[in-house]
Amino acid sequence: SQQGEEDPQALSIQEGENATMNCSYKTSINNLQWYRQNSGRGLVHLILIRSNEREKHSGRLRVTLDTSKKSSSLLITASRAADTASYFCATESQANNLFFGTGTRLTVIP
Amino acid sequence: NAGVTQTPKFQVLKTGQSMTLQCAQDMNHNSMYWYRQDPGMGLRLIYYSASEGTTDKGEVPNGYNVSRLNKREFSLRLESAAPSQTSVYFCASSEQGTLAKNIQYFGAGTRLSVL
Numbered sequence: 001s002q003q004g005e006e007d008p009q010a011l012s013i014q015e016g017e018n019a020t021m022n023c024s025y026k027t028s029i030n031n032l033q034w035y036r037q038n039s040g041r042g043l044v045h046l047i048l049i050r051s052n053e054r055e056k057h058s059g060r061l062r063v064t065l066d067t068s069k070k071s072s073s074l075l076i077t078a079s080r081a082a083d084t085a086s087y088f089c090a091t092e093s094q095a096n097n098l099f100f101g102t103g104t105r106l107t108v109i110p
Numbered sequence: 001n002a003g004v005t006q007t008p009k010f011q012v013l014k015t016g017q018s019m020t021l022q023c024a025q026d027m028n029h030n031s032m033y034w035y036r037q038d039p040g041m042g043l044r045l046i047y048y049s050a051s052e053g054t055t056d057k058g059e060v061p062n063g064y065n066v067s068r069l070n071k072r073e074f075s076l077r078l079e080s081a082a083p084s085q086t087s088v089y090f091c092a093s094s095e096q097g098t099l100a101k102n103i104q105y106f107g108a109g110t111r112l113s114v115l
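Chains as they are written, first to last, in my numbering: chain X, 1 to 110; chain H, 1 to 115.
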């Protein structure tokens, strides 16, 4: 399976703290995406980073990509209770399909 | 603008029954996908349709069939449901075709239980 793995599986932090979650994958990729899933809902795209990029920012989100280590990290700064959700990385390979990781469940405590 | 709409939202089947999950998108996207989501497994691709008139197997196609009825609609059929198909099913769509256009938009999901 080309499925990635997120680490940690679950993360609980206080509102205002930063949250970092990691993703490791197995094959070479064209790009890597992060998605968010609120409980009982579908996934929502957050950010895409291409294989030739090392870092990307979007609002309170910062994504890094290290293709030599086949890993990525998602940092959410100044977390809010509304950030409580599951976060998934997804890798896109030559076949253009996405392979999703197993997810990190983030809980932000008000 | 509804995005991706899935029906039904919930379904309970008995082993051996058949059913079709419906999906429609109003974003004029070329590509559509069916995934299943199981605890601890993330999302796994069942089938996809890169463009109208084509369908291809994903990672876990056994026990499923699909139909790309037109550009808007992509249905998933379980011919003889099994308890192992108890899952949450998500439909998604994307523009596809060029790099970085495979940002996928998801429906709200269908929660299926097979008894």
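No wet-lab data here; the hints were simulated from the structure. Treat the hints with care, since some could be wrong.
Here are the simulated DSBU-like pairs of lysine-lysine, each with C-alpha atoms no more than 30 Å apart in a straight line [claimed, not checked]: (1) H:K57 to X:K70; (2) H:K57 to X:K26; (3) X:K70 to X:K26; (4) H:K71 to H:K9; (5) X:K26 to X:K69; (6) H:K71 to H:K57.
Okay, the calculated bits of chain X under chain H, using three or more residues with CB under 8 Å as the criterion [to be verified]: (7) 22-28; (8) 97-107.
Here are some chain X residues the structure puts well away from chain H; computed CB gaps all over 12 Å [claimed, not checked]: (9) E5; (10) Q9; (11) E15; (12) Q37; (13) R60; (14) R62; (15) T67; (16) S68; (17) T77; (18) A78; (19) R80; (20) D83; (21) S86; (22) A90; (23) E92; (24) P110.
Yeah, the Cβ is synthetic: ideal placement off N, Cα and C, and Gly gets one too.
Worksheet item: Of the hints given before, which are not true for this structure?
Response: 7, 9, 10, 12, 21, 22, 23
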